[in-house]
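There are 2 protein chains.
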Amino acid sequence: MNMLLLTSKITDNAYNVRDRQLRHLLDVHKAELGDSVKVGHINGLMGTGTIVKLDNEQATLMLDLTQNPPPPLPLTLLLALPRPKMLRRTLQTIAAMGVKKLYLINSSRVEKSFWQSPFLTPDAIEEQLVLGLEQSRDTLLPEVHLRKLFKPFVEDELPSLIKGTSSLVAHPDTEENCPVNTFDKTTLAIGPEGGFIPYEIDKLVAIGFKAVHLGPRILRVENAVPSIISRLFPS
Amino acid sequence: MNMLLLTSKITDNAYNVRDRQLRHLLDVHKAELGDSVKVGHINGLMGTGTIVKLDNEQATLMLDLTQNPPPPLPLTLLLALPRPKMLRRTLQTIAAMGVKKLYLINSSRVEKSFWQSPFLTPDAIEEQLVLGLEQSRDTLLPEVHLRKLFKPFVEDELPSLIKGTSSLVAHPDTEENCPVNTFDKTTLAIGPEGGFIPYEIDKLVAIGFKAVHLGPRILRVENAVPSIISRLFPS
Chain A
122 MNMLLLTSKI
132 TDNAYNVRDR
142 QLRHLLDVHK
152 AELGDSVKVG
162 HINGLMGTGT
172 IVKLDNEQAT
182 LMLDLTQNPP
192 PPLPLTLLLA
202 LPRPKMLRRT
212 LQTIAAMGVK
222 KLYLINSSRV
232 EKSFWQSPFL
242 TPDAIEEQLV
252 LGLEQSRDTL
262 LPEVHLRKLF
272 KPFVEDELPS
282 LIKGTSSLVA
292 HPDTEENCPV
302 NTFDKTTLAI
312 GPEGGFIPYE
322 IDKLVAIGFK
332 AVHLGPRILR
342 VENAVPSIIS
352 RLFPS
Chain B
122 MNMLLLTSKI
132 TDNAYNVRDR
142 QLRHLLDVHK
152 AELGDSVKVG
162 HINGLMGTGT
172 IVKLDNEQAT
182 LMLDLTQNPP
192 PPLPLTLLLA
202 LPRPKMLRRT
212 LQTIAAMGVK
222 KLYLINSSRV
232 EKSFWQSPFL
242 TPDAIEEQLV
252 LGLEQSRDTL
262 LPEVHLRKLF
272 KPFVEDELPS
282 LIKGTSSLVA
292 HPDTEENCPV
302 NTFDKTTLAI
312 GPEGGFIPYE
322 IDKLVAIGFK
332 AVHLGPRILR
342 VENAVPSIIS
352 RLFPS
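Residue numbers (the working numbering), protein chains in the order written: chain A, 122 to 356; chain B, 122 to 356.
I should point out that these hints are in silico values taken from the structure, not numbers from a laboratory. Be a bit skeptical, because a hint or two may be false.
Heads up, incomplete: computed chain A residues facing chain B, CB under 8 angstroms, no partners named [claimed, not checked]:
| hint | residue |
| --- | --- |
| 1 | N123 |
| 2 | T187 |
| 3 | N189 |
| 4 | P191 |
| 5 | L252 |
| 6 | Q256 |
| 7 | T295 |
| 8 | E297 |
| 9 | K331 |
| 10 | A332 |
| 11 | G336 |
| 12 | R338 |
| 13 | I339 |
| 14 | N344 |
Keep in mind the model is a prediction, meaning the values are calculated, not measured. Cβ atoms here follow ideal geometry from the backbone N, Cα and C, with glycine treated the same way.
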């Protein structure tokens, strides 16, 4: 964690830190009274918090928040729902990379059971996103949408979502290279392990997606996400 | 796994698969007699293997290997030794991304205990590299070198290692962008969680490294590695 992300309301420029974040302050930072730590307020400014009261139950921080969070990526990411074990890490990764809009979608190769994962509740999702933002020092919480049916999502909702964006689908079986350093608003679809099936690629291409590849190697979703994002957008 | 990597000698174009790889064939691929699967021979060619004998102990594959593995990245990666839990995943990642030369190095922020990890034995390292190659469909096993002392490595060994290469160190506190789509032979150093300390950056810069950043967000090593590699080299 490189910043404490404060997720509740701030009152009189003060904030009480408890539980996981308090443990982190005490056990990892070895924080003491008077220390300053990097903090940010969810969907707000970043800066420092000075510990003005400290016991085993809570730390009270006096806040000085003046800095804007890093600019969001101009990206909507569509990701075939990963297996639960991978899901949590992937949510941290997308938050840490600066993605602000994520659709977890279905695909023929997504196992039905993945949709039953307890890690898909709003609280469980937010927990992982917060960890990603704390890692990367950012405050803007990504929106996460779940779409359990591929066809109605692609036919009914996606055409208006991609309007005005460059729409790409990562796909090994194409000659087209992934664009580099674009400033375009982009919609990017990444398939499951084993890839989207041809029917799904065809449906995406039919509404305007372009299939692009990432090189001769097949990457797992956890490597594909940072790889593509890092090629697409200037750092 | 997208390919079986055969790590022993091939005799008369046949190969016997056992243990983990046999289980994968049976449990995940539901392989049957006569099926063909993608295979590659370690440090050699790729192609298909047809199952000509199959029982619960082993599968015998008749091989047809004609395809070259993907070209190696022109990269030597220096990575501050990650914590053991992260190390295994990182080894898979570097193998999957096409890195062929890795130095795991010390840094002030690497905990001494990390060097005691049982995952640093040659066999344990190879096991993770093989998994990465099987994921990405590649056969060239990366070389992995361990360097437990930062200063002698940087002073005595690194100057000749970086000769003729573009030498970069990932560092958040710099204005310099990471190059994109280079064809240069490159040496890239990535620090530990929390980054290299200023003394270490200075030592690297003194022998010719250039500090480059990857954007306003701080990435964990597992995301930094694919992000930087993917920016540096054309896909």
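We went through each hint and held it up to the structure:
The interface hint given for N123(A) holds, since its Cβ lies 5 angstroms from the closest Cβ of chain B, which is under the 8 angstroms cut-off. Proximity of T187(A) to chain B is violated relative to the hint, the smallest CB-CB distance being about 16 angstroms (cut-off 8 angstroms). Given hint, N189(A) at the interface with chain B, is violated; its Cβ is 10 angstroms from that chain's nearest Cβ, farther than 8 angstroms. Given the 8 angstroms rule on beta carbons, the hint for P191(A) holds: about 4 angstroms separates it from the nearest Cβ of chain B.
Violation of the interface hint for L252(A) is found here, the shortest Cβ-Cβ separation to chain B being roughly 10 angstroms, above the 8 angstroms cut-off. For Q256(A), the suggested interface contact is upheld, since its CB lies about 6 angstroms from the closest CB of chain B, less than 8 angstroms. The interface hint given for T295(A) is violated, since its Cβ lies 11 angstroms from the closest Cβ of chain B, which is over the 8 angstroms cut-off. The closest approach between the C-beta of E297(A) and any C-beta of chain B is roughly 10 angstroms, which is over the 8 angstroms cut-off, so the hint fails.
About 15 angstroms separates the beta-carbon of K331(A) from the nearest beta-carbon of chain B, more than 8 angstroms, and the hint is not met. Taken as an interface hint, A332(A) does not check out: its beta carbon lies about 13 angstroms from the nearest beta carbon of chain B, beyond 8 angstroms. With its C-beta approaching chain B no nearer than about 4 angstroms, G336(A) sits inside the 8 angstroms limit, and its interface hint holds. Checking R338(A) against chain B by beta carbon gives a least distance of about 4 angstroms; that is within 8 angstroms, so the hint holds.
At a threshold of 8 angstroms, the smallest CB-CB gap from I339(A) to chain B is about 5 angstroms, leaving the interface hint in force. Nearest Cβ of chain B to the Cβ of N344(A): about 4 angstroms, under the 8 angstroms cut. The hint holds.
Of the numbered hints given earlier, the model fails hints 2, 3, 5, 7, 8, 9, 10; all others are met.
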